Amino acid sequence: MDNYVEVNGVTKRFGDITAVEDVNFTVAEGEFVSLLGPSGCGKTTTLRMLAGLETPTEGDIRIGGETVTDQPPYERDIGMVFQHYALFPHKTVGENVGFPLKMRGVPSSEREKRVAEALEMVHLPGTMDRSPEELSGGQQQRVALARALVFEPDVLLMDEPLSALDRVLRQQMRIEIERIQREIGITTIYVTHDQLEAFSLSDRVIVLENGHLSQQGSPLEIYEQPRSEFVGDFIGQSSKLAGTIGVQDGESVLTTDQGTTIRVGDQPDFQDRDAATAFLRAEKLQITKESTGDANELEATIKAINYLGEKTMFFCELETGEELIVSEYGFTSVDAYASGDDIYVTVPSADTLLVPGDGRARELSA
Amino acid sequence: MSSEHESGPFGVTDLVSDGEARERFWFGLRATLLRSNPVLKTVRWVLDHDRILVTGEAGLGIGWMVIFLVAPILYIVTLSFWKSAGAGVIVHQFTLANYQAVLTKDVDLLSLHVGNLYLNILWQSLKYGFLVTLVTLVVGYVPAYYLGRVVSRWKALLLLFVVLPFWVPLIIRYYAWILVLGNKGMLPTMLSVAGIQNDGFLYTEVAVITGLVQVLLPYMILPVYNSVEQMDASLIESAKTMGAGPVRTFYEVTLPLTLPGISAGVLLVFILSVGSFMAPALLGGPSNFMVANLIDMTFGSPNWPLAGAMGVVYLVVLFGAISLFNRFVSLDEVFGE
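Here the protein sequences line up with chains F and R, keeping their order. Going by the numbering used here, the first residue of the first sequence is number 2, and it counts up by one from there. Going by the numbering used here, the first residue of the second sequence is number 15, and it counts up by one from there.
Check each hint, because a few of them may be wrong.
What the hints assert, rightly or not - Which residues of chain F face chain R? A partial, calculated answer using Cβ under 7 angstroms:
1) P74
2) M81
3) F83
4) H91
5) G95
6) P101
7) M104
8) R105
9) V107
In short, the hints are calculated from the structure, not lab data. Fair warning: this is a prediction, and the values are worked out from it, not measured in the lab. Glycine included, every Cβ here is placed at the ideal spot set by N, Cα and C.
Only chain F is shown next, with the shape it has when bound in the complex (with noise of 0.2 angstroms):
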């Protein structure tokens, strides 16, 4: 079913505050999607929506084909993991997990079987008795999502479940998450700010701006073309040129309002006179101490050196007074480099995104 959880064109009003504007997507049955965008940006409510813990002022909202705009969460068969874990600190780890199971009318004997086969699955076995304080934050937020799954609930709704964890355990629990997620096929949809989790988790990311959906597609497609300004600015980093789109020896070309000029490559998006935002993915630029004679080459000087292990970051400044970011991945020489220098940078022209200038979204050609 390829449209199995349907937003049709959902607003929330909160008194004169919109939350969410006009928002339109589908999740197919089995489907990992992401809601991504910088807090504010309406992902919560939009989930808070698909549980029932509030209703769209405008819209509805469809699961498995049935309207549920106006059901109340308990009468939905969702699973939702919070933020906070949201486990019930007056209950055992059996009984918060068994809690949905209760509510079913399920018999207690085979509540608890399902309950251990639910601990089993998360790798919680023999914990039923435990208070989940007694857990560590990662063993908790396990228990949550035995809670939320052990009902087998048509979709499982993930509020930000990592952002209370270390950084260590949020990548061990991201591949759980992965691996329960594949192993029962449930339709998932997770929302989260980080850029790393929604890309690693995902089968397709939405990027929410400012209540609106700015942009959705397979991570690939999100990071490579990016629709927008704020895309392009919220995921990866990159440096920013604005400027006009021109025509030099037969290529298009971009000529910077402080006068810089860069070939962007073949831009079939994009007329002459156009204006246009270019973002550089700092690892996409290359630097280098001498000239290579490259046809996008900027002379530039280093600013700042930061050396972070995996990359080196390079700050560098145009003469015309325009950043540049550079990252390096193993680079060794970082001792060849210092402030001050004078360096040249390597553009790709191919790799150079391109989005309108005046703030309006691409209309993508593919």
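We have chain F; now place chain R onto it with these hints.
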């Protein structure tokens, strides 16, 4: 900062208003006093002798308890074992006669003969206390829950309304109830206009309980509000997403998690209502006496040793009631381990 701020000798002095200058003067004076030798020397001496500080701190607390709690109780206990020679004369001689009178004899008071007056009235007090607590719990839980969950800029004001009655003296609040419940009062008049015949509600059990409920309601609302507010709202939401409707969410999640607040409120209201004096005195009739009224009358009769014995028995019974409550709800949980 801009250059105009640097004009005076102290930077900004020239721009300071009169009010600020005055404030600065008092601040300076305070600082001078605090830094003066006698103050500093005393503080240093105390700080150098930290054993004195620790003992002093503990001693202050213990001393306070001894002076205001232990000593009066010990006095009353002692009193209750002394002989009364009538007409207020106390003979300092050990006797169990007071307790015998309280527990076994029919007490003659205002020529009433109703079996063992003291035990009957004590029983009635406990009954009233139970009723008041029950009504307060039911009536108070709703606003407490609302206040604990609501997100509103009026919340502080609403909380103020809860404690506002404390600003009106108790006696005035009870007199207000006389105006409402008395036989030409507001409520009976309204009811007779509506065709319901009645003789007013004053000097009845209903009046005593109504008055007490109104007065003691904040003692229930505040602790329950506190525990509702401390409850993580996402717990309720997660219960709902797992299929629990409003009623089941309430008794599976909200009720157990607000139990500490409920217990604190129940305890406070029960103790205060059982021992209430003014409500039965002003709103109740002769048959609505409570134990505090009886003790007061005995003191005034004047038979201090007998009144002392009544007080001690009351204390023991109340303590027993609280212990019983403690068996069902651990008070350690309520007031922290």
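Each hint tested on the structure:
1. P74: holds, 4 angstroms
2. M81: holds, 4 angstroms
3. F83: holds, 5 angstroms
4. H91: holds, 5 angstroms
5. G95: F/G95 check fails; min Cβ-Cβ to chain R is 14 angstroms, beyond 7 angstroms.
6. P101: holds, 4 angstroms
7. M104: holds, 4 angstroms
8. R105: Given a least distance of 6 angstroms, the restraint on F/R105 holds.
9. V107: violated, 11 angstroms
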